[in-house]
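Residue-level listing of the chains:
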Amino acid sequence: MGPPGSEVRARSNRRDTLNGSESIALMPTSESRIKVKREGAIIEVFFRDRNILDEANIQQIEEEIRSVIELEKNPKLLINFTDVDHLSSAALGKLITIKKRVEALSGQLKLSTIDKQIYDVFRITKLNKIFDIYDTADQARATFK
Amino acid sequence: MNGANSPQQYEAFDSGVLRAANRRDDIIATEQAVMDAIGRHGYDPASQFAIRLALEEGLVNAFLHGHRGLPEDTSVTIRYHVSDGDVEIAITDQGLGFNPKNVADPTLDENLELPSGRGLMLIRAYMNAGVHHENGGNTLVMRYRKHTEDGDGSASAHTA
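Protein chains in written order, with our numbering: chain A, 1 to 145; chain B, 146 to 305.
Just so you know, these hints were derived from the structure itself, not from any lab. For clarity, every value in this text was computed on a predicted model and none was experimentally measured. Some hints could be false.
[Said to hold, decoys possible] Below, simulated BS3-like cross-link-like pairs (lysine-lysine); rule was C-alpha separation at most 25 angstroms, straight line:
hint, chain 1, residue 1, chain 2, residue 2
1, A, K99, A, K126
2, A, K99, A, K116
3, A, K126, B, K246
4, A, K116, A, K129
5, A, K116, B, K246
6, A, K126, A, K116
The shape of chain B in the complex, shown without the other chains:
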């Protein structure tokens, strides 16, 4: 929608850094902040579902696996960046790190009836623009790109 009076050609975004301990109200506050930011950038319900699920799984993994053996109030750091086109969320725990290649595939027949092990797989499935680990496994970075409409060709805010 570029007219003579189009707004500045920069992309508006919301970003922040949060801390959460393994308490339900911290987790809820974190999800609320990120989902509020996402709500301001026009993500559809399916996208919101995907991002919320991945965020929840990422947090639970950080506490359950990342912080295993650490004091209950050890916090994780959540960095988020939300724009009209994409979302990036990075969750950093204070644990010993791990190698994501060591996580077994939960969809194999022999693993299908295990009670756990699906979190990372769900994150990868729903965060459509990539998931990777940094800092020896302490930081999980996940990205989501908004589905764009075909048709008028001006899918992003950067149309010249």
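Excised from the complex, chain A in its bound form:
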């Protein structure tokens, strides 16, 4: 263990034991809720959760995605829904917020790999009209300008 504020402690998500008593790392201890893959100019985001229902997780997902695109000029963001089994209307709301942010940054947002049941939720709420949705990530990538 290094002294408080050291890089080792900063990256740790575990509680450290210091002098026999527990202390909590000063960095946020929650794990990332997304995985980010960069391919050229395209930022591809995957979800770690199969069920995107928990309000706190949804909030964290939004914050993490925003921090990924915030420093980009004209971000090309692809959100890949592989393995997502459930999502709630709160998650849809956050996707709208992300879409607006991408647009404000003059970027592009595409969604891909949404299974039929989840796609029905987009269709019923008519959000399939405002999002650019593709069956596969490859199809989505091909359409970024």
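Given chain A's structure and the hints, the job is docking chain B onto it.
Just chain B now, with coordinates in the frame of chain A:
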């Protein structure tokens, strides 16, 4: 499947009353209990998806809207009844109630980019046997009827 030794002609069901506060583990425990009951009565994956989504949206609405301004640990009551043919779930909050007619249609063009307001609409879309409010809006009642197979005509357990 009625033979000479058919079981009693009553319909087996699972029911219960649960309490949940606005904590993720309460919500998970509630969903688990209801989904377990549904699992015991042969609902297909599409039905399970529908019921789980509606239940989640109902709970979130109860806490987010129903309990606005109330202490965080104010609980909602969830009453459920699951049989081989249908599911009924009633969620009661302790708020001031509301008029569901006042909820704007989130699918209108002018509302499409709003970040919220879709919960009730999704509940109505997925709970195929009706959704209504009671107790001045404090209780949300939603019903789901299992899709029955055509063919042999004996769709329910009540075949004489």
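Hint check:
no.: 1; hint: A:K99 with A:K126; in the structure: 15 angstroms, holds
no.: 2; hint: A:K99 with A:K116; in the structure: 22 angstroms, holds
no.: 3; hint: A:K126 with B:K246; in the structure: 20 angstroms, holds
no.: 4; hint: A:K116 with A:K129; in the structure: 16 angstroms, holds
no.: 5; hint: A:K116 with B:K246; in the structure: 31 angstroms, violated
no.: 6; hint: A:K126 with A:K116; in the structure: 15 angstroms, holds
In this structure, only the earlier hint numbered 5 is contradicted, and the remaining ones agree with it.
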